[in-house]
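Model the full assembly from the supplied sequences, consistent with the hints where possible.
Chains as they are written, first to last, in the numbering used here: chain A, 1 to 600; chain B, 1 to 197; chain C, 1 to 241.
Please note that a few of the clues may not be correct.
In the DSSO-like style, the derived pairs of lysine-lysine whose C-alpha atoms are separated by at most 30 Å in a straight line are [unchecked claim]:
#, chain 1, residue 1, chain 2, residue 2
1, B, 19, A, 28
2, A, 488, A, 27
3, B, 44, C, 222
4, B, 19, A, 27
5, A, 28, A, 544
These aren't lab readings, by the way, just hints derived from the structure by calculation.
Residue-level listing of the chains:
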Amino acid sequence: MATAVGTVGQTTEHSKIWEWMTTVDHKKIASLYGVTGFTFFLVGGIEALLVRTQLARPEGTVLDADLYNQLFSTHALTMIFLAIMPLGASFFNYFIPLQIGARDVAFPRLNALGYWMYLSGGLMLTLSFFFGGAPDGGWFGYAPLSTTAFAPGRNMDFYTVSLLILGSSSLIASLNFVVTIINMRAPGMTMMRLPVYMWMTLVVAFLLVLSLPVVTVGLIQLYFDRNFGTNFFTPATGGDPILWQHIFWIFGHPEVYVLILPSMGIVSEVLPVMSRKPLFGYAAIVFAGAAIGVLGFGVWSHHMFTTGLGTVPQVVFSASTMAIGIPTGIKIFNWLGTMYGGNIRFTTATYYAVGFIALFTIGGISGVMHASPAVDTQHQDSYFVVAHIHYVLFGGAIMGIFSGIYYWFPKMTGRFLDETLGKVSFWVMFIGMNMTFFPMHFLGISGMPRRIYTYESGLGWDTWNLVATIGAYIMAFGVLLFVINFFKSMRQPQTAPDNPWGGSTLEWATSSPPPEHNFDVIPEVRDRDPLWYNRDHGIELPPKPEHMHIHMPPPSYYPLIIGAGVTLVGLGLLAHLGVAVAGALVVVYGVWGWALEPTD
Amino acid sequence: MAAAHEVQHHTSTGVDNRKLLMWVFLASECLFFGTLISTYLIFKGNSLVGPLPEEILDIPLTSLSTFVLLMSSLAMVLAVYGAQHGQLGLMKGMLLATILLGLTFLGFQVYEFRTFGSEGLNLTTNQFGASFFVLTGFHGLHVGIGVFYLTSLLIGSMRRNGLGRDRDLWVDTAGLYWHFVDIVWIVIFTVIYLMPH
Amino acid sequence: MEHEATAHANEHPPTTIRQYVLIGAILTVLTLIELWLSYSGLPHGPLIAALLVFSAIKFAIVVALFMHLRFDNRLFTRMFLFGLVLAGSLLLALLGLFSDNHDSRTVEAYATPGAVAAHEAAAEAGGHGEGEGGGQSGGGEAAGGATTEGGDGGDPAAGMVQGIPVAEFFQANCAVCHGQNREGLVGPALTPERLTQPDEFYHDTILNGRPGTAMPSWAATKGLNDADANALVQFLKHVEP
Chain A
1 MATAVGTVGQ
11 TTEHSKIWEW
21 MTTVDHKKIA
31 SLYGVTGFTF
41 FLVGGIEALL
51 VRTQLARPEG
61 TVLDADLYNQ
71 LFSTHALTMI
81 FLAIMPLGAS
91 FFNYFIPLQI
101 GARDVAFPRL
111 NALGYWMYLS
121 GGLMLTLSFF
131 FGGAPDGGWF
141 GYAPLSTTAF
151 APGRNMDFYT
161 VSLLILGSSS
171 LIASLNFVVT
181 IINMRAPGMT
191 MMRLPVYMWM
201 TLVVAFLLVL
211 SLPVVTVGLI
221 QLYFDRNFGT
231 NFFTPATGGD
241 PILWQHIFWI
251 FGHPEVYVLI
261 LPSMGIVSEV
271 LPVMSRKPLF
281 GYAAIVFAGA
291 AIGVLGFGVW
301 SHHMFTTGLG
311 TVPQVVFSAS
321 TMAIGIPTGI
331 KIFNWLGTMY
341 GGNIRFTTAT
351 YYAVGFIALF
361 TIGGISGVMH
371 ASPAVDTQHQ
381 DSYFVVAHIH
391 YVLFGGAIMG
401 IFSGIYYWFP
411 KMTGRFLDET
421 LGKVSFWVMF
431 IGMNMTFFPM
441 HFLGISGMPR
451 RIYTYESGLG
461 WDTWNLVATI
471 GAYIMAFGVL
481 LFVINFFKSM
491 RQPQTAPDNP
501 WGGSTLEWAT
511 SSPPPEHNFD
521 VIPEVRDRDP
531 LWYNRDHGIE
541 LPPKPEHMHI
551 HMPPPSYYPL
561 IIGAGVTLVG
571 LGLLAHLGVA
581 VAGALVVVYG
591 VWGWALEPTD
Chain B
1 MAAAHEVQHH
11 TSTGVDNRKL
21 LMWVFLASEC
31 LFFGTLISTY
41 LIFKGNSLVG
51 PLPEEILDIP
61 LTSLSTFVLL
71 MSSLAMVLAV
81 YGAQHGQLGL
91 MKGMLLATIL
101 LGLTFLGFQV
111 YEFRTFGSEG
121 LNLTTNQFGA
131 SFFVLTGFHG
141 LHVGIGVFYL
151 TSLLIGSMRR
161 NGLGRDRDLW
171 VDTAGLYWHF
181 VDIVWIVIFT
191 VIYLMPH
Chain C
1 MEHEATAHAN
11 EHPPTTIRQY
21 VLIGAILTVL
31 TLIELWLSYS
41 GLPHGPLIAA
51 LLVFSAIKFA
61 IVVALFMHLR
71 FDNRLFTRMF
81 LFGLVLAGSL
91 LLALLGLFSD
101 NHDSRTVEAY
111 ATPGAVAAHE
121 AAAEAGGHGE
131 GEGGGQSGGG
141 EAAGGATTEG
151 GDGGDPAAGM
161 VQGIPVAEFF
171 QANCAVCHGQ
181 NREGLVGPAL
191 TPERLTQPDE
201 FYHDTILNGR
211 PGTAMPSWAA
221 TKGLNDADAN
231 ALVQFLKHVE
241 P
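Below you can see the structure in the form of structure tokens.
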């Protein structure tokens with residue numbers, strides 16, 4: 001299954017669209033993830049703007065309470081599951097094989113299946129607005145608010161079903177990434193020579209593989225509660241709503257690291273290259289990343305300090321939460337150490353990377369504050385927490401992703417993004433971001449609760465809410481500038497050299513954009529920074545061989561068929577179980593076709 | 001073809017991609033069943049009305065079905081042996097035996113569920129009903145998927161080319177899945193049926 | 001085809017068919033022993049321990065020999081053990097979190113000397129609802145701030161429910177639905193000024209639940225008795241949140 005046979009440069013009669021629908025090339029799948037993820041990022045942004053518009057003035061009338069609930073819930077779900085994770089997956093897909101020196105991922109067709117299931121789940125979640133209402137119980141879907149007694153519509157069924165599909169998609173993608181990184185490395189690429197970005201990817205993939213099954217069980221139980229009359233999370237026959245919170249956060253907290261670790265990896269790639277010196281404390285950063293991954297499974301109850309856990313659990317989870325600040329701090333100092341004394345080029349990618357460190361540190365510090373149950377009890381469900389998560393997720397994850405976009409854009413497209421426009425867009429976003437989210441600290445301290453659709457005047461919240469809303473529009477303008485930059489650049493000719501930034505990792509050893517088979521000759525790795533080692537030791541890459549016998553996997557439409565089958569199963573779970581059975585049959589057909597497809 | 005084959009077997013760690021995928025997936029499945037078993041144990045004793053486990057569980061019958069699943073594991077390991085030592089008759093016969101034993105286990109489960117239903121225990125009756133049916137039901141689903149998996153392999157092995165040169169790896173990987181489903185049942189049998197209530 | 005030499009013959013586990021069948025027989029015997037144990041009438045503690053040991057042995061045999069992890073690459077062992085250990089730890093943590101006892105065992109560390117003194121005074125003045133936790137473990141925040149009244153039924157803030165101070169019992173069990181400050185969330189608010197019905201009404205609601213709503217019967221779910229319900233009613237009706 002792993003390496004099927006096709007021939008490089010094989011010409012096909014099929015149309016362009018068919019080519020994209022049946023592709024198993026990791027770079028094309030990465031582009032699909034990237035474009036889809038960014039589209040959903042814009043959708044989630046529009047949802048956020050609507051929410052902020054409603055809250056701009058007291059007693060706002062832009063939205064009613066019901067639509068407001070749907071918008072804040074889907075904003076979170078969209079940004080987490082449909083934007084940040086897939087944008088991360090896009091970079092993973094593109095750069096895992098390139099950075100480890102492989103021709104493709106271990107299971108190219110599974111990779112395609114992951115994308116189609118993501119698209120299916122994403123559309124289901126977003127289009128639910130037009131089919132009886134989007135999820136309105138928050139991204140955490142707390143029981144009993146998510147059970148039929150308080151959410152009688154289809155809204156929360158869309159939540160359970162689309163998250164089950166998205167979870168399966170992430171699980172498939174992560175299994176593939178784990179195997180690829182462990183098993184497909186170029187000769188000489190030992191684990192301790194892996195680029196830090198690959199290490200963070202590996203940790204993220206493990207976090208997902210081990211945390212998704214937990215929430216899968218929770219979602220199945222919630223689905224059963226809502227549709228088959230069980231009482232897992234309703235107290236009527238002895239069930240327990242707190243159990244849902246535990247199950248959700250056992251997944252939910254590792255998920256937070258799933259969102260932030262990729263950006264930490266990107267920053268760890270950008271800063272050494274832009275500072276023109278090796279990463280400071282490689283081993284420390286790697287072990288800190290792994291430690292965050294392991295500790296991340298032992299802190300979930302800090303989301304639940306106000307549920308009456310009891311003293312011992314509070315102390316334990318408070319301590320473990322504080323402990324996780326240590327590896328995070330190690331990373332921040334290592335980045336600073338990397339830049340210290342470096343000959344720094346201030347490109348747009350550097351701007352975003354430094355912006356990441358600054359804003360993520362603010363978010364990290366307010367996070368450590370919440371490790372104290374006493375402080376947390378004050379902040380719980382207030383805008384202070386909203387400020388915290390957005391400093392981590394926008395200031396952290398999104399800033400890191402933008403850094404990666406500017407850094408890798410020449411490699412992915414052969415074109416440069418405009419640096420001037422990029423820097424303007426950075427500053428607009430940076431100012432807008434701080435204007436939006438910093439005042440939320442004040443709002444939270446002065447008692448404004450989260451998730452309220454309107455508020456009365458005279459509570460001292462009016463000014464800062466208005467500032468936050470203006471900031472949100474400024475931030476949106478910054479994103480718009482990036483979109484303009486993107487389209488402007490895509491009209492330029494492909495002029496980017498192989499290694500425009502003087503990078504040290506293997507993706508810069510091939511052309512921009514890379515050929516379908518990535519490397520004409522698989523490079524040999526002799527150092528943690530292979531290209532710098534080769535440069536310093538005068539080692540030339542081997543010349544392109546005259547006859548290349550490189551076999552790439554042929555395109556396959558079975559991932560698409562299985563994806564369609566899974567969609568039908570999902571729709572069946574929402575509408576009629578007969579449809580689900582039909583979908584299961586389509587999946588069976590797809591699996592058989594997949595297994596019997598000639599690969600040898 | 002030969003070139004692709006070489007690439008496929010040359011991995012950084014020397015282990016096959018498929019087997020690694022399966023083991024990581026099984027690690028993930030540990031968490032899946034771990035959460036289901038946690039739910040069962042947390043709700044143990046929380047049922048407000050009967051039937052309660054001690055009133056309804058048929059331990060001798062389930063011991064028999066446990067034995068059936070255990071024997072299916074033995075058949076599976078012999079199928080893997082056959083695949084690895086080129087004894088294709090043994091492999092096919094034991095695959096068939098595994099499938100039949102798996103189906104027998106599912107038959108026991110269907111019978112058990114129907115009996116419980118007629119005795120007044122269903123998903124909505126009490127916490128025991130909900131957590132019992134969801135835990136054992138999803139285990140049964142895994143057995144069913146395993147039967148489908150092994151049937152596909154068996155049909156594949158009947159083709160002209162059989163399972164190809166990677167035959168032992170295909171059967172080995174399927175065996176890992178099947179044995180895992182069996183060890184999950186070892187835990188479930190102890191936790192639900194044998195432990196005092 | 002039938003005679004094709006296998007490419008990896010030297011990597012195969014050394015087990016023979018005879019050995020596999022023997023392992024199958026051992027597994028069967030172990031299952032029979034488990035079955036016999038479960039009927040043997042052993043006390044619960046040793047029985048559970050023995051059953052867990054036997055099922056762990058079976059588990060290990062299947063994984064090591066049938067899934068031939070013992071003969072295979074160590075990488076597989078590490079991957080699988082990581083998932084298994086994590087699953088086991090989470091299971092133990094969840095069971096710990098859902099056991100009801102950790103509050104009553106730890107309030108001593110929580111309570112200030114003043115609070116304990118106030119509570120003991122209340123107990124001497126005739127406070128009721130002392131559970132098996134006893135006077136030593138009492139106290140807690142609620143009692144620390146309350147004044148001691150003698151007379152009928154004692155201090156409503158110092159009551160005990162199943163050996164746990166009533167305020168802590170409320171936080172651990174009722175606050176999920178009725179709010180941390182009893183302001184009401186899913187369930188109605190439970191502040192003194194809202195509770196206008198006679199005591200018996202609330203007493204009955206706590207013990208028997210309210211059919212058709214999410215309010216369960218606490219007699220059935222947690223085994224609360226009359227004294228427990230009384231302590232809760234006094235607390236809810238007479239102590240401001």
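Original post:
Can you name, in rising order, the numbers of the hints this structure does not satisfy?
Top reply: none
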